[in-house]
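**Q** Chain by chain, the residues run as shown.
Protein chains: 4
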Amino acid sequence: MTPERVGMFSDAVFAIAITLLVLEIPRPEEAQFGDLAGFLAERQGSFMAFALAFLMLWFSWRAHHTLFDQLHRVTQPVLLLHVPLLLFAAFLPYTMNLWSEMSSFHGDGEASKGLALALFAGTEAILMFCQGALFTLALVQGLLNGNASRRRMGTSAWVYWGCGVLWAVSAVLAFSVGEDSTYLWMATPVVVAVIVFVRRRFAPGLVQPELPGQT
Amino acid sequence: MTPERVGMFSDAVFAIAITLLVLEIPRPEEAQFGDLAGFLAERQGSFMAFALAFLMLWFSWRAHHTLFDQLHRVTQPVLLLHVPLLLFAAFLPYTMNLWSEMSSFHGDGEASKGLALALFAGTEAILMFCQGALFTLALVQGLLNGNASRRRMGTSAWVYWGCGVLWAVSAVLAFSVGEDSTYLWMATPVVVAVIVFVRRRFAPGLVQPELPGQT
Amino acid sequence: MTPERVGMFSDAVFAIAITLLVLEIPRPEEAQFGDLAGFLAERQGSFMAFALAFLMLWFSWRAHHTLFDQLHRVTQPVLLLHVPLLLFAAFLPYTMNLWSEMSSFHGDGEASKGLALALFAGTEAILMFCQGALFTLALVQGLLNGNASRRRMGTSAWVYWGCGVLWAVSAVLAFSVGEDSTYLWMATPVVVAVIVFVRRRFAPGLVQPELPGQT
Amino acid sequence: MTPERVGMFSDAVFAIAITLLVLEIPRPEEAQFGDLAGFLAERQGSFMAFALAFLMLWFSWRAHHTLFDQLHRVTQPVLLLHVPLLLFAAFLPYTMNLWSEMSSFHGDGEASKGLALALFAGTEAILMFCQGALFTLALVQGLLNGNASRRRMGTSAWVYWGCGVLWAVSAVLAFSVGEDSTYLWMATPVVVAVIVFVRRRFAPGLVQPELPGQT
Numbered sequence: 753m754t755p756e757r758v759g760m761f762s763d764a765v766f767a768i769a770i771t772l773l774v775l776e777i778p779r780p781e782e783a784q785f786g787d788l789a790g791f792l793a794e795r796q797g798s799f800m801a802f803a804l805a806f807l808m809l810w811f812s813w814r815a816h817h818t819l820f821d822q823l824h825r826v827t828q829p830v831l832l833l834h835v836p837l838l839l840f841a842a843f844l845p846y847t848m849n850l851w852s853e854m855s856s857f858h859g860d861g862e863a864s865k866g867l868a869l870a871l872f873a874g875t876e877a878i879l880m881f882c883q884g885a886l887f888t889l890a891l892v893q894g895l896l897n898g899n900a901s902r903r904r905m906g907t908s909a910w911v912y913w914g915c916g917v918l919w920a921v922s923a924v925l926a927f928s929v930g931e932d933s934t935y936l937w938m939a940t941p942v943v944v945a946v947i948v949f950v951r952r953r954f955a956p957g958l959v960q961p962e963l964p965g966q967t
Numbered sequence: 753m754t755p756e757r758v759g760m761f762s763d764a765v766f767a768i769a770i771t772l773l774v775l776e777i778p779r780p781e782e783a784q785f786g787d788l789a790g791f792l793a794e795r796q797g798s799f800m801a802f803a804l805a806f807l808m809l810w811f812s813w814r815a816h817h818t819l820f821d822q823l824h825r826v827t828q829p830v831l832l833l834h835v836p837l838l839l840f841a842a843f844l845p846y847t848m849n850l851w852s853e854m855s856s857f858h859g860d861g862e863a864s865k866g867l868a869l870a871l872f873a874g875t876e877a878i879l880m881f882c883q884g885a886l887f888t889l890a891l892v893q894g895l896l897n898g899n900a901s902r903r904r905m906g907t908s909a910w911v912y913w914g915c916g917v918l919w920a921v922s923a924v925l926a927f928s929v930g931e932d933s934t935y936l937w938m939a940t941p942v943v944v945a946v947i948v949f950v951r952r953r954f955a956p957g958l959v960q961p962e963l964p965g966q967t
Numbered sequence: 753m754t755p756e757r758v759g760m761f762s763d764a765v766f767a768i769a770i771t772l773l774v775l776e777i778p779r780p781e782e783a784q785f786g787d788l789a790g791f792l793a794e795r796q797g798s799f800m801a802f803a804l805a806f807l808m809l810w811f812s813w814r815a816h817h818t819l820f821d822q823l824h825r826v827t828q829p830v831l832l833l834h835v836p837l838l839l840f841a842a843f844l845p846y847t848m849n850l851w852s853e854m855s856s857f858h859g860d861g862e863a864s865k866g867l868a869l870a871l872f873a874g875t876e877a878i879l880m881f882c883q884g885a886l887f888t889l890a891l892v893q894g895l896l897n898g899n900a901s902r903r904r905m906g907t908s909a910w911v912y913w914g915c916g917v918l919w920a921v922s923a924v925l926a927f928s929v930g931e932d933s934t935y936l937w938m939a940t941p942v943v944v945a946v947i948v949f950v951r952r953r954f955a956p957g958l959v960q961p962e963l964p965g966q967t
Numbered sequence: 753m754t755p756e757r758v759g760m761f762s763d764a765v766f767a768i769a770i771t772l773l774v775l776e777i778p779r780p781e782e783a784q785f786g787d788l789a790g791f792l793a794e795r796q797g798s799f800m801a802f803a804l805a806f807l808m809l810w811f812s813w814r815a816h817h818t819l820f821d822q823l824h825r826v827t828q829p830v831l832l833l834h835v836p837l838l839l840f841a842a843f844l845p846y847t848m849n850l851w852s853e854m855s856s857f858h859g860d861g862e863a864s865k866g867l868a869l870a871l872f873a874g875t876e877a878i879l880m881f882c883q884g885a886l887f888t889l890a891l892v893q894g895l896l897n898g899n900a901s902r903r904r905m906g907t908s909a910w911v912y913w914g915c916g917v918l919w920a921v922s923a924v925l926a927f928s929v930g931e932d933s934t935y936l937w938m939a940t941p942v943v944v945a946v947i948v949f950v951r952r953r954f955a956p957g958l959v960q961p962e963l964p965g966q967t
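Protein chains in written order, with the working numbering: chain V, 753 to 967; chain C, 753 to 967; chain Z, 753 to 967; chain Y, 753 to 967.
Chain V with its partners taken away, still in its complex shape:
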């Protein structure tokens, strides 16, 4: 089993899932045609959900093929990890749909809104954990090419585990605080920056022996 074949199948699933997202945005019904602007304004949460899910799958794709471009072989555990990774990537449109529908629901359903948010954030967290586990496996099982930077791969692993924890926490919080838990998502770039900074500051020894290989 070559990395190319698994990489192409995963690429295809990411590309299809990212393009299917559009089918989950609510369309106006006959009665709502008269006031399209009002309909779209009320459904702005759906467009935000679409854009966010799109970005998430885009970054998942990038992380996946950044890794796979640097693998020289694929092991059974790496292959097995693709089952949850691709299952939840393919499932993301459903959770996006739930969140999108909920965001414009006016009835009495705080618990339902929290649940929809938790499912969306939880799916994201699982995707990130899978990516983190893939990077970790590649390091631990020695699957990287000769010219791959082990330090950069290690940082990527930490970044995905860290962001996964952040989104998992936001998923749990969504049950109690509802939509306020989405503020936590904005901390994602902060988590990334902190992890990159800490790795540079406290793990400098890792950098040295690789300097010739990096140029």
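In case anyone wonders, no lab produced these hints; they're calculated from the structure.
Treat the hints with care, as some may be off.
Straight-line distance between alpha carbons at most 25 Å, and here's what the computed SDA-like set of lysine to any residue pairs gives [to be verified]:
(1) K865/Z to Q796/Y
(2) K865/Y to L775/V
(3) K865/Y to F791/V
(4) K865/Z to R795/Z
(5) K865/C to F791/Z
(6) K865/V to D787/C
(7) K865/Z to P778/Z
(8) K865/C to I777/Z
(9) K865/C to P778/Z
(10) K865/C to R795/Z
(11) K865/Z to G797/Y
(12) K865/Z to P778/Y
(13) K865/Y to G786/V
(14) K865/Z to E781/Y
(15) K865/C to G786/Z
(16) K865/C to L775/Z
(17) K865/Z to V917/Z
(18) K865/Y to P778/Y
Some residues of chain Y that are not near chain Z, with every Cβ distance over 12 Å (derived) [stated by the list, open to error]:
(19) A767
(20) Q784
(21) H817
(22) P829
(23) L831
(24) L832
(25) G861
(26) G898
(27) R903
(28) T907
(29) L918
(30) E931
(31) T934
(32) P941
(33) R951
Interface residues of chain V toward chain Y, partial, derived using beta-carbon atoms under 10 Å [said to hold, decoys possible]:
(34) D763
(35) A767
(36) I770
(37) L772
(38) R779
(39) D787
(40) L788
These numbers were taken from a predicted model, which means no experiment stands behind them.
Glycine included, each C-beta is placed from N, C-alpha and C at the ideal position.
Following the hints, put chains C, Z and Y in place on chain V, whose structure we already have.
**A** Only chains C, Z and Y this time, still in chain V's reference frame:
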């Protein structure tokens, strides 16, 4: 006609079908937003159907490209077998939908539930028979690469024929015993293990001449 | 512009269209769950439409890549022909849907049934004309590889033009005779056989100079 | 990150979006089966929207891979530009749906029709601006292959920026003049011709040093 081109088209159909499955999971209607947890709990059968159909297509993809990575050419019968293989792979989302809808149907419809299950299991059985036939054809028509293990290919052929029979039996049983026939599906790993064991035990002669090639 | 890139894009469109067909098969509504067998029996026309559209796209794909495997370059007219080819390949699911819905419609709508059939057969005819034109262009503009058989390509061109005429006639007939025009479709293999026979019998001069190249 | 990998992912998104368009064409409901011809005639705007959106995605794909065939590497800004490019390519089916539904809406909704048109034209404009920016970036950052024609790339950049401005203007006009703004779309070939003519006439110095490379 090269194996690469047929392999890529099949890969694409499997990847699209596996990602389209998500469109078949029932979405809550306006009235059900208030109690999303209740809706999801009632529809848990749909999520199981989604996960199972996903796994089935994933294993179909793996079997297909494990075989195609080891073919050096493609014959007319191999090509013709792709018509039922891809037709039923593309059809699987429909049978998943039927089973998924039926699993949360409360009305009087034991016969309908059995039929939905039979269609799902039957589609799976056809997929497995097609895979078994592909492996068998590759062996009989001598299409394998020089470095492919004939013994392992033969075991794969037996495994797919055996699992196909199991699922075909469960499809027939579904008409009379309904959902209880799904317990038979859990025997799939047992069937695999028994076939692998029997092949190792009683067809050892096949192993010897290949030992050097396997390393 | 290389044949590979155009070929892969067309492959992708064919693969997606062939897998989207399943979404056009009518699903039972709540009230029909109780009698699933009755629903499926009534909708058998839909399953026939699905299988036929699947076969059509499969043969379109095969014709397309059989040709493209033997091209060494792509010209502007070849590229332009892909606009109607892919447009109507992508449109086929819609006409399949119309025909499928019509086949189980009990109301007073002979004219509508004829129209739905005419649209389906007309779309097929356009696909075949595009394929015929592609084969003809490849011959006329000298785009074939050195080891491609000009005679076989010429026969393919004639086959697609001939079948296109048959389906175009059936589309026109559908307006007056309705579903009886579908009997004409069964003549497709006959048309293919006659064209292949006539080419072999009356254009033998073309065969001779190529004999060494064919082995 | 190689151009091949990004190019293939973009190809896949374009191919999927172009094939998903068909799902957005309105299908007749039970009550409309009796008069299918009437239904289709009334919905002719939807078919025009489908064909136009198809053409737009086709040209987007062609522009994208014409460029990517001539890149030797990909930079971070080029990669970042793919986020809006692919996001709006994937979003196009939604705006096509809005325009399609609006075109056959008989109620009182001039403002809604203008908005639907504006969203469709605006999405197209964004796609063109992204393509223009990609061509410009490739020139400015020196990403082109040795045998790529800098002059032709420059003309492509101007063409996409120019057409983008035309469609952006039509999007703004749609709010006040409604459907009449679509006449502006017909000026697209004129804009292309003028830009190509002006580049040839007033930037001839660019042509000379490349003449040997062009043959």
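**Q** Confirm or reject each hint.
**A** Verification of the hints:
no., hint, result
1, K865/Z to Q796/Y, "19 Å, holds"
2, K865/Y to L775/V, "21 Å, holds"
3, K865/Y to F791/V, "13 Å, holds"
4, K865/Z to R795/Z, "15 Å, holds"
5, K865/C to F791/Z, "13 Å, holds"
6, K865/V to D787/C, "10 Å, holds"
7, K865/Z to P778/Z, "17 Å, holds"
8, K865/C to I777/Z, "19 Å, holds"
9, K865/C to P778/Z, "18 Å, holds"
10, K865/C to R795/Z, "18 Å, holds"
11, K865/Z to G797/Y, "22 Å, holds"
12, K865/Z to P778/Y, "18 Å, holds"
13, K865/Y to G786/V, "9 Å, holds"
14, K865/Z to E781/Y, "14 Å, holds"
15, K865/C to G786/Z, "9 Å, holds"
16, K865/C to L775/Z, "21 Å, holds"
17, K865/Z to V917/Z, "21 Å, holds"
18, K865/Y to P778/Y, "17 Å, holds"
19, A767, "4 Å, violated"
20, Q784, "9 Å, violated"
21, H817, "6 Å, violated"
22, P829, "24 Å, holds"
23, L831, "20 Å, holds"
24, L832, "24 Å, holds"
25, G861, "26 Å, holds"
26, G898, "18 Å, holds"
27, R903, "18 Å, holds"
28, T907, "17 Å, holds"
29, L918, "21 Å, holds"
30, E931, "23 Å, holds"
31, T934, "20 Å, holds"
32, P941, "15 Å, holds"
33, R951, "20 Å, holds"
34, D763, "6 Å, holds"
35, A767, "4 Å, holds"
36, I770, "6 Å, holds"
37, L772, "8 Å, holds"
38, R779, "6 Å, holds"
39, D787, "7 Å, holds"
40, L788, "4 Å, holds"
Of the numbered hints stated above, those contradicted by the structure are hints 19, 20, 21, listed in ascending order.
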